[in-house]
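A.B. asks: Could you slot chain C onto chain E? The hints should help.
Protein chains: 2
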Amino acid sequence: LEIDVKRILVLGSGRVGSIIASDLAKSPDFEVAVADASAASLDRARARAELETIEADLTPGKIRELAARRDLVVGALPGSMGFAALSAVVDLGLDVVDISFMPENPLDLDARARETGACALVDFGVAPGMSNIFVGVAQNLLDRVDSVSIYVGGLPREGVWPYFYKAPFSPSDVIEEYTRPARLVQEGRVVTRPALSEPELLEFPGVGTLEAFNTDGLRTLLDTVKAPNMVEKTLRYPGHAELMRVLGESGFFGTEPLDVGSVAVRPLDLTSRLLFPLWNYAEGEEDFTVMRVTVEGVRESSRVRMEVDLLDRYDPATCTLSMARTTGFPAGAAARLLAGGAFLGPGVHPPETLGRFPETVDRILEELGMRGVLFRRCEAQVP
Amino acid sequence: LEIDVKRILVLGSGRVGSIIASDLAKSPDFEVAVADASAASLDRARARAELETIEADLTPGKIRELAARRDLVVGALPGSMGFAALSAVVDLGLDVVDISFMPENPLDLDARARETGACALVDFGVAPGMSNIFVGVAQNLLDRVDSVSIYVGGLPREGVWPYFYKAPFSPSDVIEEYTRPARLVQEGRVVTRPALSEPELLEFPGVGTLEAFNTDGLRTLLDTVKAPNMVEKTLRYPGHAELMRVLGESGFFGTEPLDVGSVAVRPLDLTSRLLFPLWNYAEGEEDFTVMRVTVEGVRESSRVRMEVDLLDRYDPATCTLSMARTTGFPAGAAARLLAGGAFLGPGVHPPETLGRFPETVDRILEELGMRGVLFRRCEAQVP
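Chains as they are written, first to last, in our numbering: chain E, 1 to 383; chain C, 1 to 383.
Honestly, I wouldn't trust all of these hints.
As the list claims (entries may be wrong) - Quick list of the computed label-pair ranges, beta carbon to beta carbon:
| # | chain 1 | residue 1 | chain 2 | residue 2 | range |
| --- | --- | --- | --- | --- | --- |
| 1 | E | GLU285 | C | LEU374 | 27 to 37 Å |
| 2 | C | ARG64 | E | GLY261 | 21 to 31 Å |
| 3 | C | SER262 | E | GLY93 | 55 to 65 Å |
Stated by the list, open to error - If you want the footprint, here are the derived chain E segments under chain C, 3+ residues with CB under 8 Å:
| # | region |
| --- | --- |
| 4 | 72-83 |
| 5 | 261-269 |
Please keep in mind that the hints were generated in silico from the structure rather than gathered at the bench.
Keep in mind that this is a model prediction, so the values were computed, not measured.
Note that beta-carbon positions come from the ideal geometry of N, C-alpha and C, so glycine has one too.
The following block holds chain E by itself, in its conformation from the complex:
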């Protein structure tokens, strides 16, 4: 009896990539290799499952070389490397799931993917990712969508002065969220607000009061959902955003080299260097992920509000950060879907596309549920 074993290449073995790779590697259906420039990062994946590790500088050329012998690729690289990596894989016509959250618009690769036959599921984490799926589902169920709001954050269980924050990826990737202007939709028009702007305090059961502020998280939803009001905000412990505004306003996030004494230095590089030890999760340090997606609209002449809540916590049994779980497991589930047959056809597909496939969404939620990532969904008439 011969099983059709799929060969999967995971690009990036960071906090999230290592979870995706090890989760997939535990399935007998997959033969998984994970590639990363850092041997220490590869150790992280190897400690969790039996898989092949490839230490390599992941240039587009190297990615093409490594991907050529695979059936499927999962991209879990830093945002700055994401677009080049996705392009390289799409060029090969390979199916791919990406969670790099690149600053570029991944839909720009749609035409190329249709040419090469690649099926690319992009932005497939928790938010963007699961948030998009729930918006897609709501859009599919409603006759008209009036408003979408997405609140999401990954936070350390214990907030510690001064930043009350830790990050499972490099500070510069977080700071990118704090500097990229936030696009939102107001009364049918896309408007741009500074990142970190319009702070508001919200209560989350089991967590307490968090502060939400604008970030550029709507991404593909700006193209794919026609709602007159859409907003995405990032959640942090109160006070964090103010410090980020101060550092940003003072120039500490600057990307242009500045002359300092006899050398030129990019302020962001020094800032990342200083914040890394402060924001890095220590081994065993616990985090949680909180998300609230609210869609309001009209169905059969009734005003309806659909709400999805997530509160996921660090898994002490496997020492897995919640942020890695909630970001990595959706990507893993998407990889399983792709490996099971290309139900979407060639092109670049954002997660909200799955809103038209309720059974597929149920399969993803089932995969996440098996891993303890549980969403509370409710729907209410609104007056």
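C.D. replies: Relative to the frame of chain E, chain C by itself:
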């Protein structure tokens, strides 16, 4: 008729040095030269009075060369250059007033000054400076001093987010105040507290609520006043100190070079570079100086509290910052005293020494009063 014109050299033509130099130059008794490495800084002094300007890198050798032909020197250099400059002048046996607020203890040069015959008045600004004088006066009047507290700050009239602060000197000199451990006296023992620690909110009439925190401002008072409790705190608008604690804790004030990409950079150098444009007073921007010195003790078996308050404001008539007025005019008054005859004898003398010379203190207060710098002094019995 021949007047005995004294030749005065002012070292440093910054915000404060230029005020001292131009103020002294207006007197027919003095022939003033001001030296600075920056032509722009020298222009600042030249715009205010007729005086000689000397563009020179003020190494100790250069200072010895320039000072050799003078009767008196006033040191108004940055703190980092202060000790070397004072040493050079003391070596020449010249009388000197210094307001560089060097990190070193200027009293370490006392023995050398006694050898060479130099009379050095050091720390002769507002605080340290006038604050020390008032403590010296109180010590002279009281049988026993129980406690001394000094609160002082120079602030922009309008506080602007995020720092609510401007500085008439380089940010690195301000940050030095925020990093140097603060020595205070508690129950007769010198104890050390982190800079920026033990914040408290205080009201100042005409100003509003300010925040006070520990800085290392007692300096020579630690050696010269035997009071069981002494504290010096710096005043800022509320919130400023917290940001400084955050930057300090994050390493942005670090003085050890860090590898950033391919270069090594001292975090403090980049931080100073970024903060300079944010903290620099624009032309015509107004500031104020606030100070409160309280001395409690016993005189003839009665408990007495002596308090001195200062609230000085920017002078629009001469476009002079209050911080330059309140720091520069005491130094100028001290220079006039020295030029009038060495009443103190050779050695390094901190301002509190003048507490034993009430007429001299009155002359200084008269000089300051003529320039609009007015202290409110009051004394009360305490139960």
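A.B. asks: Hints broken by the structure, by number, lowest first?
C.D. replies: 1, 3 and 4
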